[in-house]
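A.B. asks: Sequence:
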Amino acid sequence: MTKTTILAVAIAALAGSAHAQEAQPNGINIGGTVRVNYGIKFYDDESKDKGGDFDFDIAAIKFNGKLDDFGLSAEYRFTSDTDYIKTGYGYYDINDDIQIQLGITQVPFGNRGFISNSFWFGLPYYLGFEDDSDVGIKALFTNGNWNTDLGFFKNPEYGPEENKRYATDLYTGTINGTDYYNEETNQLNLRQTYTMQYGGGSTTLGGSLMWGQIYNSETDDNGDRYAIAAHVDSSFNGWNVQLQALQYEFDAENQAGVDNNKIGVSVVSWQYEVAAKGQVYSFNLAKTFPTSWGSIKVYNDFGYMTPDVDDSSFDNSAQNVTGAAFSAGPVYIMADLILGKNMTFSTEKDDHIGLAEAGDGWDERININFGYYF
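All letters in the sequence shown, in the order written, are residues -20 to -1, 1 to 354 by mature numbering (1 follows the signal peptide of the UniProt record, and there is no 0).
There may be inaccurate statements among the hints.
The calculated lysine-lysine pairs, modelled on DSS-like cross-linking and capped at a C-alpha distance of 30 Å, are [unchecked claim]: (1) K321 to K277; (2) K42 to K30; (3) K42 to K267; (4) K66 to K42; (5) K329 to K30; (6) K144 to K21; (7) K46 to K134; (8) K134 to K144; (9) K21 to K277; (10) K134 to K267; (11) K66 to K321; (12) K329 to K21.
Simulated restraints, written as ranges between beta carbons of each label pair [as the list claims (entries may be wrong)]: (13) D25 to S60: 19 to 27 Å; (14) D24 to V278: 23 to 31 Å; (15) S60 to P270: 22 to 30 Å; (16) D159 to D288: 43 to 51 Å; (17) D288 to Y174: 23 to 31 Å; (18) A338 to L170: 36 to 44 Å; (19) I208 to Y178: 23 to 31 Å; (20) E142 to A308: 30 to 38 Å.
Calculated from the structure, these hints are not laboratory results. Source: prediction; values computed, not measured. C-beta: ideal position from N, C-alpha, C; glycine also.
Please construct the entire structure, taking both the sequences and the accompanying hints into account.
C.D. replies: As structure tokens, then:
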């Protein structure tokens, strides 16, 4: 029996278990996701000549449930060439207003949930500031319309030399001929939001702070890093607007000869360099239309990054994603047109963020993701 067959049987068995437990108030519900993906890069001759590629994306197993005031939430993902954990934590509800989480839990920074609508995520994701999960402890406090999230994270979910990770973290390894030895440690996060409810929707205003250390295993010294963001998420009669302004800095104690204006990061089995200091601005607009079979959401997500380093050759980076999401029962499809300028994963020659631009203008690609959720 092949590895793929074993995985399929396991997912089917887990799906059956989940169905049997749905009615239980106490217990672990098991679900998951199976996704395939079509993509074409208009800046790549091979991709255009083939008419794009249609590939297996992921199979994910999810565990969620409670036993009285104690709970568990975890997700593990399998791709065609690797596997990794996304989240995995236990939690305790002290009362209706306070929850404590311990394990690999989402870092509370930026807009609650996501600062994007698309499958492709927003520009902050590629710097480590969207939907990141690390190992630590987090407390969530609710007081009327106020929500406070406070967390301490000892380190990322994987070691610094690993690039098979769901979200972006600092990387130890060689990138473009530069040897990086940096890793994240001892991180503090605070996010404060206030939600106003009104007829037809709501608006959430918030601010986020992050500070942490950067340990360099070559110099045995600790540098530091920080980020600060202001964010707005507003909905009215199916419309949604997301705004965010973010400033960050990675101040590493690198060995002699390393350019401190940039730093290495890794995500989804890849590694690249980013400007060590900069500002990121996000503006997203979406409209959801209910249908007889589900819903359609159309959106445009725009992100813009300006480097703030001591090297005048560094250039701005930008990403724009225009797309639509179709929801019908367990099926969820996201179709995106991605435009990138000096931006990793969406340009031909610029596999970085905020460094000197090697390409010329905007590059385009299309991505369509088909998901079945159970």
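A.B. asks: Would the pair K42 and K30 pass a check requiring their Cα atoms to be no farther apart than 30 Å?
C.D. replies: Given pair K42, K30 is violated - Cα atoms ~35 Å apart, limit 30 Å.
A.B. asks: Assuming the hint says 23 to 31 Å, is it satisfied by the Cβ distance from D24 to V278 or not?
C.D. replies: holds (27 Å)
A.B. asks: Given the hint that K329 pairs with K30, test it: the Cα-Cα distance must not exceed 30 Å.
C.D. replies: holds (20 Å)
A.B. asks: Holds or violated: K144 with K21, Cα cutoff 30 Å?
C.D. replies: Given that 30 Å is the threshold and the Cα spacing comes to 23 Å, the pair holds.
A.B. asks: Just tell me: holds or violated, for the beta carbon distance of E142 and A308 against 30 to 38 Å?
C.D. replies: Since the Cβ atoms of E142 and A308 sit about 37 Å apart, the hinted range of 30 to 38 Å holds.
A.B. asks: Is the straight-line distance between the alpha-carbon of K329 and that of K21 30 Å or less?
C.D. replies: holds (13 Å)
A.B. asks: Given the hint that K46 pairs with K134, test it: the Cα-Cα distance must not exceed 30 Å.
C.D. replies: Answer holds: K46 to K134 is near 26 Å, not above 30 Å.
A.B. asks: Is the gap between the beta carbons of I208 and Y178 within 23 to 31 Å?
C.D. replies: Once the Cβ atoms are compared, 28 Å apart, the range 23 to 31 Å for Y178 and I208 holds.
A.B. asks: Regarding D25 and S60, is the given constraint of 19 to 27 Å on their beta-carbon distance met?
C.D. replies: The hint (19 to 27 Å, Cβ to Cβ) holds, given that D25 and S60 are roughly 24 Å apart.
A.B. asks: Looking only at beta-carbon atoms, does the pair A338, L170 fall within the given range of 36 to 44 Å?
C.D. replies: holds (38 Å)
A.B. asks: Between K321 and K277, does the CA-CA distance stay at or below 30 Å?
C.D. replies: Given that 30 Å is the threshold and the Cα spacing comes to 25 Å, the pair holds.
A.B. asks: Run the distance test for K42 versus K267: straight-line Cα separation, threshold 30 Å.
C.D. replies: Roughly 29 Å between the alpha carbons, so the hint for K42 and K267 holds.
When held up to the earlier numbered hints, the structure conflicts with 2, 10, 15, 16 and fits the remainder.
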